[in-house]
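Chains as they are written, first to last, in this note's numbering: chain A, 223 to 602; chain B, 10 to 95.
Bear in mind the hints are in silico, worked out from the structure with no lab data behind them.
Computed from a prediction, not measured in an experiment: that's the story for all the values here.
Hints are not guaranteed to be accurate.
Claimed, not checked - Each pair of labels, with its calculated beta carbon distance range:
(1) B:41 - A:479: 56 to 62 Å
(2) B:39 - A:327: 57 to 63 Å
(3) A:310 - B:21: 49 to 55 Å
(4) A:358 - B:41: 48 to 54 Å
The beta-carbon is built from N, C-alpha and C at its ideal position, and this holds for glycine as well.
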Amino acid sequence: MTRYVVTFDTADAGVLQADAPDLLVSHGFSTDTYFSRLGVGVVDGEPEQMESFSSRCRQQRRPVSFTPELTYYAISQGPASSGPAEPPYRDTSDLSWGLQTIGISSAIERHHSGAGVRVAVLDTGFDAAHPDFSSRGVIAVSFVPNEGPQDAHGHGTHCLGTACGPWQSDYGPGYGVAPESEMYVAKVLGDDGTGSDSSILAGIDWTLQNECHIISMSLGADVRDVHPPYVAAGRRALEQGSLIIAAAGNNAQRNGGNPGFVGAPANSPHILAVAAVGQDLRTADFSARSSSHDGGEVNVTAPGVDVHSAWPGEERYRSISGTSMAAPHVSGIAALISGVTGSRGEALWEALIDYAVPLEHEDSEDAGAGLAKLPDANSW
Amino acid sequence: MMAHQEWIITVDDEHVEYIDDVVLSLESVGFHTSGVLRSLGQVTGATDSGQDAEDAVSQALAAVEGVASVDAARRWGVGPPDSTVQ
Numbered sequence: 223m224t225r226y227v228v229t230f231d232t233a234d235a236g237v238l239q240a241d242a243p244d245l246l247v248s249h250g251f252s253t254d255t256y257f258s259r260l261g262v263g264v265v266d267g268e269p270e271q272m273e274s275f276s277s278r279c280r281q282q283r284r285p286v287s288f289t290p291e292l293t294y295y296a297i298s299q300g301p302a303s304s305g306p307a308e309p310p311y312r313d314t315s316d317l318s319w320g321l322q323t324i325g326i327s328s329a330i331e332r333h334h335s336g337a338g339v340r341v342a343v344l345d346t347g348f349d350a351a352h353p354d355f356s357s358r359g360v361i362a363v364s365f366v367p368n369e370g371p372q373d374a375h376g377h378g379t380h381c382l383g384t385a386c387g388p389w390q391s392d393y394g395p396g397y398g399v400a401p402e403s404e405m406y407v408a409k410v411l412g413d414d415g416t417g418s419d420s421s422i423l424a425g426i427d428w429t430l431q432n433e434c435h436i437i438s439m440s441l442g443a444d445v446r447d448v449h450p451p452y453v454a455a456g457r458r459a460l461e462q463g464s465l466i467i468a469a470a471g472n473n474a475q476r477n478g479g480n481p482g483f484v485g486a487p488a489n490s491p492h493i494l495a496v497a498a499v500g501q502d503l504r505t506a507d508f509s510a511r512s513s514s515h516d517g518g519e520v521n522v523t524a525p526g527v528d529v530h531s532a533w534p535g536e537e538r539y540r541s542i543s544g545t546s547m548a549a550p551h552v553s554g555i556a557a558l559i560s561g562v563t564g565s566r567g568e569a570l571w572e573a574l575i576d577y578a579v580p581l582e583h584e585d586s587e588d589a590g591a592g593l594a595k596l597p598d599a600n601s602w
Numbered sequence: 010m011m012a013h014q015e016w017i018i019t020v021d022d023e024h025v026e027y028i029d030d031v032v033l034s035l036e037s038v039g040f041h042t043s044g045v046l047r048s049l050g051q052v053t054g055a056t057d058s059g060q061d062a063e064d065a066v067s068q069a070l071a072a073v074e075g076v077a078s079v080d081a082a083r084r085w086g087v088g089p090p091d092s093t094v095q
């Protein structure tokens with residue numbers, strides 16, 4: 223059993239005082255901790271039970287949201303006991319676990335949605351017919367010979383969804399960090415999921431011509447050597463006010479004793495490398511550890527296990543894992559911060575590091591400065 | 010059949026604004042340009058390696074004025090769509 227905070231989404235006092243407790247009781251929940259003025263209760267339940275309760279309430283036009291109850295600690299003070307500190311996050315009917323974890327409520331409360339910030343996703347393209355994006359302008363170009371920007375793989379649509387998708391969806395939990403950012407899609411990996419330097423660098427060059435603030439690259443190779451073209455590309459992008467954010471790599475098998483290494487191009491000194499954590503905020507089994515050379519470090523970590531986001535075609539959504547899923551969370555965070563502060567390039571890099579929260583049980587070799595987060599609601 | 014090698018040429022900071030001149034010089038030593046990336050200061054293209062060893066070709070390109078580095082192009086990727094880790 224997990225403790226959940228249940229919130230009835232209405233200002234109708236009659237509903238909050240009478241209907242809401244009745245609904246709770248009829249589903250076997252206690253009303254001992256129900257605050258009728260707030261419409262908020264705390265109950266013990268299983269995830270399936272909460273989902274079924276939520277859908278029944280929605281059918282009766284009494285929408286509710288629920289989130290696992292969090293335990294709060296004073297800053298810099300950990301919990302008294304050892305062992306896993308954070309409760310595991312889970313997707314709710316409202317929000318993916320990733321959005322909850324990065325502190326999206328702060329952005330929602332302050333209406334900071336990335337408006338005016340240009341986010342480029344360099345990947346396998348994008349499904350232009352996806353219902354969550356059909357009403358939004360997406361500028362999409364293919365740099366793959368003989369292929370258009372349509373995503374026949376899925377990876378690109380998923381990554382774009384995490385960085386720029388909606389806070390609310392008619393078809394499931396909200397899953398996108400920066401829903402009003404301007405989306406620039408450069409297809410640099412073909413439908414088979416592979417691509418050449420020529421395509422990727424042409425894609426980066428295009429994003430610079432379009433003055434994109436953030437360039438999200440969930441791609442790489444399991445090679446330790448720094449690839450020099452990306453050193454120059456990362457530096458020149460920063461000089462022009464664009465920050466390249468890349469996936470650290472999935473070459474670890476930590477359960478087998480292999481921590482892996484940050485691969486190219488994330489191992490370049492001017493490219494921000496993102497590792498992945500799971501719902502328990504522990505480093506994911508596959509997530510690569512810092513390489514020893516200058517610039518080969520993991521810089522921050524972000525949600526990257528069972529990440530719910532958009533998928534092409536009838537399927538619409540899929541939950542997948544990888545540092546590829548972590549990087550666009552950070553790209554979205556960067557978009558929201560840039561939208562408020564106007565910071566770009568190096569300054570935006572530093573802001574991401576400053577707002578990251580160290581994870582008590584994780585080594586900085588694995589998690590860098592810590593979990594990428596949004597500022598608290600009262601501090602931006 | 011002639012061997013074919015793709016290259017990424019990075020132009021040094023001083024020559025980025027004269028990148029067209031660098032491209033002409035590269036082409037004069039047998040470089041086939043596929044892209045001029047003006048914002049990045051890079052040029053993509055290929056050589057027919059022919060009888061030359063790859064390092065000889067790369068040395069000829071690196072000797073062009075304004076070239077900071079010559080790197081053989083790599084391929085990159087993500088996992089297949091049905092893989093759980095991508």
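Results for each hint:
1. B:41 - A:479: 56 to 62 Å: Distance hint for residue 41 of chain B, residue 479 of chain A is violated at roughly 47 Å.
2. B:39 - A:327: 57 to 63 Å: Between residue 39 of chain B and residue 327 of chain A, where Cβ atoms are some 59 Å apart, the hint holds.
3. A:310 - B:21: 49 to 55 Å: holds, 51 Å
4. A:358 - B:41: 48 to 54 Å: violated, 39 Å
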